[in-house]
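S.K.: Work the whole structure out from these sequences, hints included.
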Amino acid sequence: MSRWWWLSVLTTLLGTFLLAGAPATAATAAPGGADVKPVRVALIGVPGLEWSDVNRTRTPNLWRMVDQGGSAAMSTRTIPPPERAITCPVAGWLTVSAGQRAGAPGAGCGLPPLPERAAEGAVVPGWDNLMTFNDAQSYGTAIGSLGDLVTASGGKVAAIGPGAALGAADKSGKIAKYAGTTEALGDLTPYNLIVMEIDNLAKAWIGAGVDATGAPIPPSTRVRQRAAADSDRRVGTLLRQLPPDTTVLVAGLSDGSTDPHLHVALATGKSPSGRPYPRGYLTSTSTRQNALVTLPDLTSTAISLLGLPQPAGVVGRTWEYAGPAPATAGAVADLADADLASQVLREVRAPFFSMLVIVQVVFYLLAAVAVRRRWGGSRVLFATEVVAVGSGAIAVSTFLAQLVPWWSTGSAMVTLLLTILGFAGLITAAAFAGPWRRTVYGPLTVVAAVTSIAMLLDVMTGSRLQVNAVGGYEPVTGGRFYGFGNIAFAVFATGTVMFLSGVAQPLLERGRKVLAVAICAAYGAFAVFANGWPLWGADFGGVLAFVPGVAVFLLLLSGKKVSAFRLFLVGVGAVVIIGLITFADWTRPVDQRTHLGDFFQQVLDGDALPVVGRKLEAMIGTLGNLPLTILSLVALAFLFLVLARPSRWGASALSLAYQRAPSLRAGLFGALTCALVGFLVNDSGIAIPAMALTIAVPLTLAASVQALRLSARDEPGAAPIPPARSSARAGSKAPHAP
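So the sequence shown is residues 4 to 741, counted in the working numbering.
There could be a bad hint or two in this list.
Said to hold, decoys possible - Pairs of lysine-lysine residues, derived as DSS-like cross-links and limited to a Cα-Cα distance of at most 25 Å, are as follows:
| id | residue 1 | residue 2 |
| --- | --- | --- |
| 1 | Lys180 | Lys159 |
| 2 | Lys159 | Lys273 |
| 3 | Lys563 | Lys516 |
| 4 | Lys564 | Lys516 |
| 5 | Lys159 | Lys174 |
What the hints assert, rightly or not - The calculated label-pair distances, taken between Cβ atoms and stated as ranges, are:
| id | residue 1 | residue 2 | range |
| --- | --- | --- | --- |
| 6 | Ser414 | Met463 | 27 to 37 Å |
| 7 | Ala436 | Leu460 | 52 to 62 Å |
| 8 | Ser223 | Gln604 | 41 to 51 Å |
| 9 | Glu350 | Pro247 | 39 to 49 Å |
| 10 | Ser381 | Leu406 | 34 to 44 Å |
| 11 | Val407 | Gly129 | 48 to 58 Å |
| 12 | Val417 | Val126 | 50 to 60 Å |
I should point out that these hints are in silico values taken from the structure, not numbers from a laboratory.
Note that beta-carbon positions come from the ideal geometry of N, C-alpha and C, so glycine has one too.
M.R.: See below:
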């Protein structure tokens with residue numbers, strides 16, 4: 004059965020992905036070397052510009068652009084200076100130049116160097132040092148790509164300001180036409196690409212000096228508002244000089260404070276589709292999120308507007324219309340709120356996980372007393388079961404909490420906790436609301452079902468619940484914008500396997516093992532598919548972990564032995580499946596690929612090892628996350644040393660649960676397999692088993708406690724079952740092994 008199941012999965016995946024790889028509509032480029040189309044693009048970089056700076060009266064030109072074209076929040080992740088997670092102006096401009104993350108040597112943020120004049124143009128000083136620095140990074144960054152592409156195709160480039168010189172220079176660091184101001188540039192008609200720097204906000208921040216730690220001192224609110232108003236006037240000056248057919252792209256392409264932010268992205272005029280940008284929100288296939296784009300997308304959009312082929316090293320995607328936006332005031336407020344959510348998340352994430360670890364550890368200690376020493380009797384056991392079920396619901400509740408704008412309240416941390424506890428309480432109530440509460444697997448199945456289905460529906464509809472969730476991804480850091488993040492994968496995979504164990508048990512009780520295995524195999528295959536499909540989960544490492552977890556679960560459920568040879572075949576199958584997925588994604592148009600297809604191209608180009616090395620280094624580094632490491636160790640210790648060992652109740656609680664629900668053993672081992680492999684193959688490392696165990700262990704505890712209660716009811720006044728070896732029906736060879 005196993006062989007044919009894997010064959011059907013592979014066939015389905017290959018066929019579906021080849022269909023998904025059908026050409027999509029996109030702005031196609033002329034062959035390399037073709038003349039540049041007579042399209043003008045004005046790229047205005049305003050380092051530090053945030054949506055909170057945009058105001059009807061203070062920045063009227065930017066306000067009108069919101070009303071006339073597309074707008075979005077922009078993630079500006081680059082190569083930051085050491086020990087700081089911010090984007091400096093130089094790094095932002097070099098990222099525009101390369102269309103890929105770039106940076107500059109040095110520990111601080113400074114203003115771009117003043118170009119050295121050369122006839123009508125200029126040369127960027129220190130260009131060779133900038134190239135050497137970026138060549139030494141693992142991103143394959145080629146600064147100068149944008150300017151080089153335009154000039155090599157016969158186009159003309161003009162730069163206004165030192166930062167613009169960095170963004171518009173060719174690969175030798177030269178700019179054919181350079182001016183310090185808009186007025187000095189003169190007639191703009193001859194130029195295909197006009198790059199302008201407006202550095203008022205950057206100067207207000209960097210020019211204020213640094214504090215004792217070397218960090219720039221933030222400007223006062225009044226100084227910042229004045230700098231934003233001055234920036235807007237300079238935008239208006241350029242807009243009045245531009246020919247009427249020019250497409251204007253405005254980007255707040257770096258940070259202007261000691262914390263990273265989302266920034267302004269605006270587009271008016273002709274879009275890559277040939278039609279004007281409609282009034283509304285922008286998006287790109289880099290993010291797949293409405294009203295959210297990235298800094299490399301700016302480069303890609305300019306290239307597409309000029310009708311040029313996108314170089315392989317440019318990783319951005321073009322800005323596209325995402326849908327209508329509310330009135331200008333509402334749109335600006337929504338975009339500013341998106342940045343606020345990211346800022347609040349940065350403040351609450353670490354305290355939340357620290358609190359989660361403390362609460363979980365304390366709960367395990369109290370539960371150990373209740374389970375092993377028969378303390379408090381049946382009432383305490385029932386309370387332990389209820390709390391355990393609620394604890395197992397916390398993980399999915401951290402994502403469901405995104406349905407409520409908790410970050411907009413005055414007490415974000417309190418509101419977040421109340422929202423999470425509220426959803427966990429509702430799920431717990433559902434778990435005990437029906438006749439299933441009387442079975443060992445009933446409450447467990449409800450919680451796991453909500454977890455699996457909620458995460459599945461979310462990823463199928465755009466991963467909205469993961470954006471700015473404490474267990475999700477924050478757009479500011481730009482590590483991921485769609486699909487399954489690593490923590491979300493851990494929640495989804497664990498919930499799915501535990502859910503399937505609950506679905507299988509009533510069928511096993513009716514002697515319908517084949518049907519149970521078939522149903523679990525079908526849902527498990529679909530879950531793996533959803534996890535890896537580029538249009539949904541797009542999770543490379545998740546597939547490598549999920550396939551072994553589901554396979555181990557199915558083998559145990561069907562009564563097969565989990566041998567080393569079978570595990571080897573499962574591992575090969577996981578590699579084949581993810582290989583097919585990445586290949587199918589690679590066959591799609593470049594501007595429609597995800598990071599999976601990009602990785603396949605990196606393998607072909609021989610550039611994959613630095614990526615793998617970077618991920619491995621990040622995984623090892625997570626072991627330094629003391630709270631999550633402690634949580635993982637305590638959860639495992641509780642499972643092995645408390646639930647799996649005989650107590651004063653008689654047999655171990657886990658053995659009793661296995662006897663009343665044999666499928667629980669298959670589910671637990673499947674979940675633990677996902678967690679272990681996920682730890683080894685994902686850059687989030689210890690976070691994956693920590694979150695997986697946060698679901699699996701409390702739900703297993705709930706089932707075990709219910710088994711104790713049922714056994715005590717069946718045999719009142721006596722130890723439920725003598726501490727003997729587990730039966731074959733329980734599926735365990737030793738009483739101490741989970």
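S.K.: Now tell me if each hint is right for this structure.
M.R.: Going down the list of hints, with the structure as the test:
1. Lys180 <-> Lys159: holds, 8 Å
2. Lys159 <-> Lys273: Holds - the C-alpha atoms of Lys273 and Lys159 are around 19 Å apart, at most 25 Å.
3. Lys563 <-> Lys516: holds, 12 Å
4. Lys564 <-> Lys516: holds, 16 Å
5. Lys159 <-> Lys174: It holds: about 15 Å lies between the C-alpha atoms, which stays within 25 Å.
6. Ser414 <-> Met463: 27 to 37 Å: Cβ of Ser414 to Cβ of Met463: about 33 Å, so the range 27 to 37 Å holds.
7. Ala436 <-> Leu460: 52 to 62 Å: violated, 21 Å
8. Ser223 <-> Gln604: 41 to 51 Å: holds, 48 Å
9. Glu350 <-> Pro247: 39 to 49 Å: For Pro247 against Glu350, whose Cβ atoms are near 46 Å apart, the range 39 to 49 Å holds.
10. Ser381 <-> Leu406: 34 to 44 Å: holds, 36 Å
11. Val407 <-> Gly129: 48 to 58 Å: holds, 49 Å
12. Val417 <-> Val126: 50 to 60 Å: holds, 56 Å
In summary, the one numbered hint that this structure violates is 7.
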